[in-house]
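Asker: Chains as they are written, first to last, in numbering that gives the first Met the number 0: chain W, 0 to 266; chain X, 0 to 266; chain V, 0 to 266; chain B, 0 to 266; chain C, 0 to 266.
It should be emphasised that the hints constitute simulated quantities derived from the structure, not laboratory data. A couple of the hints might just be wrong.
For identical chains, the list gives no copy identity; a pair is met inside one copy or between any two copies.
To be verified - Restricting the straight-line Cα-Cα distance to at most 25 Å, the calculated cross-link-like pairs of lysine-lysine (DSS-like) are:
no. : residue 1 : residue 2
1   : 89        : 146
2   : 89        : 127
3   : 244       : 127
4   : 145       : 60
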Amino acid sequence: MDLASFIGFSVCLILVLGGMSSGPNGVAGALSFWDVPSVLITGGGTLGVLLLGVPLERFLKFPTVFRKVFFGSSPDMVGLVQTMVSFAEKARREGLLALEEDASQLDDEFLRKSIQLVVDGTDPELVKAILDTEIGLLEDRHGQNKKLLDTMAEMAPAFGMLGTLVGLVQMLQNLNDPSSLGPGMAVAIITSFYGSFIANVIALPMGKKLAARTGQEVLCRELMVEGVLSIQAGENPRIVEEKLKVFLPPFQRKRLEEEKSASKGGE
Amino acid sequence: MDLASFIGFSVCLILVLGGMSSGPNGVAGALSFWDVPSVLITGGGTLGVLLLGVPLERFLKFPTVFRKVFFGSSPDMVGLVQTMVSFAEKARREGLLALEEDASQLDDEFLRKSIQLVVDGTDPELVKAILDTEIGLLEDRHGQNKKLLDTMAEMAPAFGMLGTLVGLVQMLQNLNDPSSLGPGMAVAIITSFYGSFIANVIALPMGKKLAARTGQEVLCRELMVEGVLSIQAGENPRIVEEKLKVFLPPFQRKRLEEEKSASKGGE
Amino acid sequence: MDLASFIGFSVCLILVLGGMSSGPNGVAGALSFWDVPSVLITGGGTLGVLLLGVPLERFLKFPTVFRKVFFGSSPDMVGLVQTMVSFAEKARREGLLALEEDASQLDDEFLRKSIQLVVDGTDPELVKAILDTEIGLLEDRHGQNKKLLDTMAEMAPAFGMLGTLVGLVQMLQNLNDPSSLGPGMAVAIITSFYGSFIANVIALPMGKKLAARTGQEVLCRELMVEGVLSIQAGENPRIVEEKLKVFLPPFQRKRLEEEKSASKGGE
Amino acid sequence: MDLASFIGFSVCLILVLGGMSSGPNGVAGALSFWDVPSVLITGGGTLGVLLLGVPLERFLKFPTVFRKVFFGSSPDMVGLVQTMVSFAEKARREGLLALEEDASQLDDEFLRKSIQLVVDGTDPELVKAILDTEIGLLEDRHGQNKKLLDTMAEMAPAFGMLGTLVGLVQMLQNLNDPSSLGPGMAVAIITSFYGSFIANVIALPMGKKLAARTGQEVLCRELMVEGVLSIQAGENPRIVEEKLKVFLPPFQRKRLEEEKSASKGGE
Amino acid sequence: MDLASFIGFSVCLILVLGGMSSGPNGVAGALSFWDVPSVLITGGGTLGVLLLGVPLERFLKFPTVFRKVFFGSSPDMVGLVQTMVSFAEKARREGLLALEEDASQLDDEFLRKSIQLVVDGTDPELVKAILDTEIGLLEDRHGQNKKLLDTMAEMAPAFGMLGTLVGLVQMLQNLNDPSSLGPGMAVAIITSFYGSFIANVIALPMGKKLAARTGQEVLCRELMVEGVLSIQAGENPRIVEEKLKVFLPPFQRKRLEEEKSASKGGE
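Using the sequences provided together with the hints, build the complete structure.
Answerer: Here it is in structure tokens:
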């Protein structure tokens, strides 16, 4: 679970609702921000235009997208390096075939497949080509989920603006009754508020979180490819570790060192 | 037929019309959004500027563009993988020449041409070069259709703004009659509304749908090239399948497995 | 002559003028859009800033730019493919030297030079390098003409805005005479209108047309390079045609086929 | 310490505070710019949306980011070239192994690691590959710190706008009391002011400073890689210096020459 | 001296001042555009934020930047081609060493260094590598000067807006005195005017001019590298000329031909 996403989203929601209630009318003022036609034209219009602009199978990814934002988690890069190094050691000691059993117990499908390819004795060039294509296409697919949110972030304010223009025209055509000017304009502006809210509190930040997750996942898989190819080439486990450590940010490198010396101390 | 495009476009249209009728004047209020000079300056101006800014042969692609958005369909990638694998098997069993007849019955011109090149014994390098150039130029041509819609999405709000500025100047020059201020400004704003509508409900989302279609088509052809080159290299059909499966998103891979086991079960 | 450019530009002009005259003051209202200080600050300022921001020799390209937009024409790609194929046939029958005379009669300087290089027996690598550099630099030079218009499209609204800010400040400083508020603001807004007009009706669309022309020209020359190199390599004319056909959009391929069968029928 | 950052930030702060106090109410007017609900919705909302949109470990980099902006310093490129050249001389005279001790006394971890790799007799190709990956990933990590500030610069005005829209709606719904119109609108606008301040005085310029620091650091490490590889290849120290001098801007080249002749003069 | 820069800048200045004086108050109206707190918050704030956002050594490049814009000049490409061709002839006749003396008399440091490298018998690969790195880093350094102006063009309107928001809040808080509304708002808007002026009349166009100068300089050096490498390879002077002519725009090619035939006629 991504606690930061929950907290961040709640903070935004509470602060915006608090801002709505901080007017002269208090909480009742916050209620007046709810206007069904405005919700329909902004929210419904945004969904409609997404249906029009995005292939159906991608539009149906919405639940997946939200799940990833709120329930995704950072991959354990340090553990991964340790696993790869232990595989490298085993392969050196017992040969590549010895990895078959370990591979079959891996959770990560990509790593399982990578090692299976190596165990099967596939040509290294081909292994690299297949895995790189797979990473590229994964990046592409995830990028399209982000694009779904980006399109949403683009269309919501546009529909908010459209609604505001409609509201302004209606208000201006009935200017003979000056007392209705204020509320009329307030309603006109509300769609802009909805559009801005959908874009800036929902679609944009979630798209960013998604992109960050994808980046981590891709980095993780590049580490796997690097490791698997080194194992296949029969490189020294120490060199493998050196090569893979490069993928870790400094603080994780330190953690790796600590865990290594801890496990050695425990020996 | 792309049902999602129809539904999405209708939803937007109904919601915007509903918003127009939700004012104090009801449906009559919606009618007052129709203003011939405003339609002319926004819609006509947008078309005029497209004629000026876009080569004529591309401008004439408008009907094609709309047809693709509303009647295009996603290519059947799973079926395509199956076809390629069956070709690989046949080529292994009976030789490349045996594919000539099958190729001539294919609907897709690109795949037909690809296989014909292989059957003709063209050099693999040359096959790849010709097909890659063809994909690149197809991407280019489709990209220009998208650019047509993007230019439209860029110019429509600009002309809406131009119309609004004209309307504002006219209104401000006749400020001595305050009762005309409201309606005058309403008319001025209507062109902005038209411009925003053309851009955000028509041009932008349709451009996105088109780009997504092009992406699918290109991916599909890259799969074909990969497959045809593997067949020409006489690779094992199992390897061919493994290589091509990479192009499928996870849920289609599952479908492919299911269909395979189903067809085996039926054997 | 590029009829579409003429028609498109005229349509925009007529519609905008029509919009100006559709106000309560009729044609007289359109005349009131002409304001000399506003024209000076927007138009003059835009030219001044272009002089400041763009090297002089590029600034002086303005007439060339407009001539290209209104009098440029699409290159005849189909005819070009036919010419190249006929050259390939001649070179095969009579040797490369036989092309010297044909080359000297070509209108296009680039093609003439390309063939001359081949006839001179220049090394293929060198031929490709020289021609690619030439295309790259041509693309660069044309790109700078487009940049001239893009800078214009960027600066004109900025100067319009600058004029409007000046006008607003003047108007607000003389607010004690409320009757002058309307006309004062109208004048202030007129510079924004001019800026928007220059950008959206002149500079932006013409820049796009120019870019499209450049794209066609570059594609055309890439076709020439591909063809000349194939001829130099002594490739089969049928292969040459196959290779070059790839550069044509589908409808032109069809035309090429028709003309070919027509000429065969006529034989 | 980066004095320019301190001075620049103080200047901005003082001028903005001065501007606030230059109104008719003097310093008391400046105090009226402090509005708790507005601070909460803009500042808090921006932080909330960053928590939602940015992985937690990157969000926690905020202190690091500010420390770098205010306390970072430009690397001493001239000294670095001198160090590398002296290493090249020593390696030529006494062999690569002689560098081991010098390396262990270096402050910079990257340079230490680079020389250790060379001393260990690692293959040059592998040295280059490992160091390039390390530079690439460092660039990536620093780029993400910049992205944190860029996201902040993007979201703060959005939340300012959101707050202004909320304020406008509240004000317009209570239009019957005209005397409250001014202050109501003033409060509504204050959130836009906060958002603009956070973006343009804090997030944007600090992000730029960070990017410049990263650029210098990367250039510095590219110089190290170039130098280390030249040393490993046993190149002439004069050539090494020539190669590395290229990385220096002209004024630093001059300084290098001066220091060289000074040290020679001192001999 | 770049006359176009002087004229362009003067034209803008005169037209804007003229616009200021064209109001009902005449020249006195222009004086009212001068407001010290506004100048401080916009101009000072922009400088402050540049100090914060840009490394100090780059910030101090301001005088260099302005000198380049107003006193830079286009390089003489035609003369350069002639020089290179004459070097090629001399090198062919008398050997590479004969160039040493000519090189030492060259004004351009880059060309001098290039030829010195060739005369020293440096390996062609290394010559190319060193010179390419040098060009790349020069492009980088000049690009950062442009970035300085671009940052200025980005921050000035932001500070103008900030000032306007401050002014609006002050004005709205004192709305009980309606007679001050106009002047208050005029002052508020003036900072926006300053920001727009700094960005659009100074920073943006000068940045563009700088980029154009850099482009010319880079092209010039690429020509030198191409020429020096051809000379080193001992290529025929006629081929060298052919290769270098490609770098010239058509009108300069014509001039080159004319000067050549003129000098021949004079022989």
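Asker: Is the C-alpha distance from residue 145 to residue 60 at most 25 Å within one copy, between copies, in both cases, or in neither?
Answerer: Both: 10 Å inside a chain and 24 Å across chains, each within 25 Å.
Asker: For residue 89 and residue 127, with the copy left unspecified, which applies at a CA distance of at most 25 Å: within, between, both, or neither?
Answerer: Within one copy only: 21 Å inside a chain, 28 Å across chains, cut-off 25 Å.
Asker: How would you label the pair residue 89, residue 146 (within, between, both, or neither) given a Cα cut-off of 25 Å?
Answerer: neither (42 Å within a copy, 41 Å between copies)
Asker: From the Cα coordinates, with 25 Å as the cut-off, is the pair residue 244 and residue 127 best called within, between, both, or neither?
Answerer: Both, since 20 Å and 16 Å are each at most 25 Å.
Violated hint for the displayed structure: number 1, the only one.
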